[in-house]
Every structure is written in structure tokens, then in C-alpha cells.
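Chemist: Each chain is listed here by its residues.
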Amino acid sequence: MAKHKIQVTVNGAARESEVESRLLLVHFLREVLRLTGTHIGCDTTHCGACTVLLDGVPVKSCTVLAVQADGRQVMTVEGLEQGGKLDPIQVGFTQEHGLQCGYCTPGMLMTSYALLRSNSSPSEGQIRQAISGNLCRCTGYVNIVKSVQHAAAAMAAPAK
Amino acid sequence: MIPGPFDYHSPKTLSEAIGLLSRYPDDAKVLSGGQSLLPLLKLRLGAAGHLVDIGRIPGLEYIKEDGGFLKIGGRTKEAALEASDLVHKKYPILADTAAVIADPLVRNLATVGGNLAHGDPANDHPATMLALGASVVATGPRGERTIPIDKFFTGLFSTALAPDEILTEIRIPTPPARSGGAYAKLERKVGDFATAAAAVQLTLGAGGEVARAGIALTNAGPTPVEATAAEKYLQGKKPDAAAIAEAAKLAAQAAQPEADRRGTVEYKRDMARVLTARALTRAVERAKGA
Chain A
1 MAKHKIQVTV NGAARESEVE SRLLLVHFLR EVLRLTGTHI GCDTTHCGAC TVLLDGVPVK
61 SCTVLAVQAD GRQVMTVEGL EQGGKLDPIQ VGFTQEHGLQ CGYCTPGMLM TSYALLRSNS
121 SPSEGQIRQA ISGNLCRCTG YVNIVKSVQH AAAAMAAPAK
Chain B
161 MIPGPFDYHS PKTLSEAIGL LSRYPDDAKV LSGGQSLLPL LKLRLGAAGH LVDIGRIPGL
221 EYIKEDGGFL KIGGRTKEAA LEASDLVHKK YPILADTAAV IADPLVRNLA TVGGNLAHGD
281 PANDHPATML ALGASVVATG PRGERTIPID KFFTGLFSTA LAPDEILTEI RIPTPPARSG
341 GAYAKLERKV GDFATAAAAV QLTLGAGGEV ARAGIALTNA GPTPVEATAA EKYLQGKKPD
401 AAAIAEAAKL AAQAAQPEAD RRGTVEYKRD MARVLTARAL TRAVERAKGA
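Going down the list, the sequences are from chains A and B. In terms of the working numbering, the first sequence opens at residue 1 and continues consecutively. In terms of the working numbering, the second sequence opens at residue 161 and continues consecutively.
Treat the hints as calculated values from the structure; they're not laboratory data. Glycine is no exception: its CB is placed at the ideal position from the N, C-alpha and C atoms. Any given hint might turn out to be false.
Per label pair, the in silico range of CB-to-CB distance [what the hints assert, rightly or not]:
1. K224/B <-> R117/A: 24 to 30 Å
2. D226/B <-> K5/A: 38 to 44 Å
3. K5/A <-> R305/B: 35 to 41 Å
4. K231/B <-> R117/A: 27 to 33 Å
5. R128/A <-> A243/B: 17 to 23 Å
6. A207/B <-> Q100/A: 37 to 43 Å
7. L205/B <-> K5/A: 29 to 35 Å
8. Q129/A <-> K231/B: 24 to 30 Å
This is chain A alone, in the form it adopts within the complex (with noise of 0.2 Å):
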């Protein structure tokens, strides 16, 4: 079956690979680039663990070609520590102890960075509406949300 050469940028770096029309998207950030940091779930789209920020929005790639994401920017949980210092959205998770046995966390990660950028002061039901494609079966949410609650916050606050 025919291969397609592919340019693909993740995490603000141009990547280039030769990959099977039907290679999936979550595949090539784990096996091709070695972006381990995207979790596959349930694998039938329904769990949200491998969510990325496909062009800036969150999507489920496991549910993406890796030849659909040709020319554009994929953004992965390892973009989001810059220069050794964690996104507020990662703080949050700490703080709040938003996470307990962690897989979820990649994806429940990029949806609410994703979620802050385009609405900075969320309230709890936005949040939850925006998770609703993520599934958590440890904290029962309610530490996922405050954690999203501190990142607003943090972010409101003025730089010290």
C-alpha cells in the first residue's frame, strides 16, 4: 500500500516521516516520534486519553490519520512544559491533586489548556461540559475541575 511522505509540526518542531496511509495519528507520536506522553485508552473514541491539539483544538487521535495532520501543528502533553517550567493547567493537576493513577491525565490536560485558551475564566459547568469527551474513572472530577479552577486562576493573577 501506497506510503505518503508527511510534515508534521509537534510541539513547535517540523517532523518528517514516510508513514502507511492508514497509520494513525496517536501511533505516529508514540512509535514514529517515540511521544510516549499521549496515552491510548479505549482506543474506540470514546475515552479521550490520547486527546492532542490538532491546529489548536482538542481532538482524539486515535480517531485521526497521521496523513490528515500532514502541514499542520500537533500539539502533545510534552509541549506544555516550556524552558522547564510548567503550564499553569500542569500546576493545577499538582495542587489540586487532579490526577491519581495518571492515565487520563494527558488528555484531560489538553482539553482544559485548550478550554482556557478560548474562555479564561471558565465556570464549573463549562468545565465539565468541556471534559465531558474525557474519562476519568479515579478522582470522580471534582479534583480535575478545581485543578482547571487554580490554572484560571493562576493565569488571571498579574505576573509577580
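Position chain B against the provided structure of chain A, taking the given hints into account.
Modeler: Relative to the frame of chain A, chain B by itself:
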């Protein structure tokens, strides 16, 4: 899970895409948002030798009023419907529907045209488009043709689209004054298909009587079900509580659901009744501007 092997094509124009579909009439599938097609291929419930990705063809994503219709480009994303002020103000049934399709991440990729062209009676737009009296534009090698939505769904996962046609536009008649619509869905959890769901679009006459009613059900048979007996019953009647209850009963009689993990036939049919009544009540409120 990994799909079976296929070739991937990324045409830059509609005519190039149609050319590819014509070249592989028995073996090509159109890839739009991919949120139904890719899971199907991954689970190996379906197979295709060629995927024709329409994602890079310009001009297929829009929501606009033009010539007495709301025109929605075939590749318009569900998230765009949700975000549209025009949809919220004048076509609230579509905003109701978009908000309960799958989950927000899926809606960032899933498209309105794909939701229809997939031909799945468990999808949500088929019923809303039936209630709205919509039509779809199919573009193929012989040009465009318009298909009324009540002639579009021909069977389970089957539509009136020819193998070399692409669903390029959905046309919804602009509702007259005193119109309202609503979509009511019962789902076990976010992202699930409907246990039962009802779509209602109606227009009231000057005296408050029903001038036109469109009522359709999701996941109530091999194709989306238009509740024609309920529509006819309401015609010319004041939509009071008694009339709504009777119309809901008639709609439930049109439902032919199958028993599965979501419930028994009896339960689903009764839920179709309850949801039709809720959607009717909300549609009447909206038609009255409440």
C-alpha cells in the same frame, strides 16, 4: 486497533475528488471528519480500498442564509453549528442536536454532512433534518442534484447517494414567523447513541393553531422515522397539553426500536413518547417566543 490497508487520497478540488470516486466505484469511501468511518475501519466492521479525504477541499464549510434557505456546507463541523449565533437564534433545534452528538472532542472533527451520509439511524441529524423538511445537495460527475431528506435514507447505513456523489450541502427552509423547534435525547452517558430521541419543528398560525409540524425519531428503526400520523394529527389543532400527549402517543406507535443494552422495545417506545412530548412542548414555547 489498526484499520485494514487502504490507499489515501487527498484531492484539492471537488472535481478531483469525484474523479477518484468514479475511478473506484466499488471500493472508495469519502473521509470527512472521520469520526464514524475511522472507528468502523478500526473495528474492521467495514473496509475500503481507497479513502478520499475531502478535508483539504476549500469551500465546503459554511453556515449561511441564502434564497429562503439555511445552507450548511457538507463538511461543516458540529462544533461550528454549536458556536453559530444564527443557528441558536433561528434554528434552535440544530443547536440542541449538535450539543448532544458524541462529545465535544468528537464534535471538533465530526461533520454535519458525514452525520447524514453515514446513513446510521442512531445518528442525531437525520431526525432533525426530517423534522425541518431539509434537502441535501449531492455533487457528482453529472453535476448537482437535490435530494429531499425523506427520500435520502434508503436502509441501514444506506442512502440515495451514488458511489460517485458527495454530499456537499444541506438546505433547510428558513422557518416563517411563529416557528420553533427542539431536539430531546435520552442517552445513558455523554457520547452514547440515543436510547430514544425526538426532533420537532413546528409553525403556528395566527390563531395559535399548528400550521405545520415536522416530527421524527432517532434510533427507532433501520432508518430514521418520520412520525407522519402525529404530524397529521396536530395539523390545525391548538397544541395544548392534551393534543401534545395524543401526538406523542401516535409518534411512539411509529417507533420500531430493537431491544439492546439500552433497553427493551417497550421501554424505548415509551421513551419515544416521553421525548416527543418534551420536544413538542419546548418547540411550542419557542414558537411563541417564550
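Chemist: Please go over all the hints and tell whether each is borne out by the structure.
Modeler: Going down the list of hints, with the structure as the test:
At roughly 27 Å, the beta-carbon separation of K224/B and R117/A lies within the given 24 to 30 Å, and the hint holds. For D226/B paired with K5/A, a C-beta distance near 40 Å keeps the hint of 38 to 44 Å intact. A hinted range of 35 to 41 Å holds for the C-beta pair K5/A and R305/B, which are about 38 Å apart. The given range of 27 to 33 Å is respected by K231/B and R117/A, whose C-beta atoms sit roughly 30 Å from each other.
For R128/A and A243/B, the Cβ-Cβ distance of about 19 Å falls inside the hinted range of 17 to 23 Å, so the restraint holds. At roughly 40 Å, the beta-carbon separation of A207/B and Q100/A lies within the given 37 to 43 Å, and the hint holds. For the pair L205/B and K5/A, the beta carbons lie near 30 Å from each other, so the given range of 29 to 35 Å is met. Taking 24 to 30 Å as the suggested C-beta distance range, the pair Q129/A and K231/B conforms, at roughly 28 Å.
Checked against the numbered hints given earlier, the structure satisfies every one of them.
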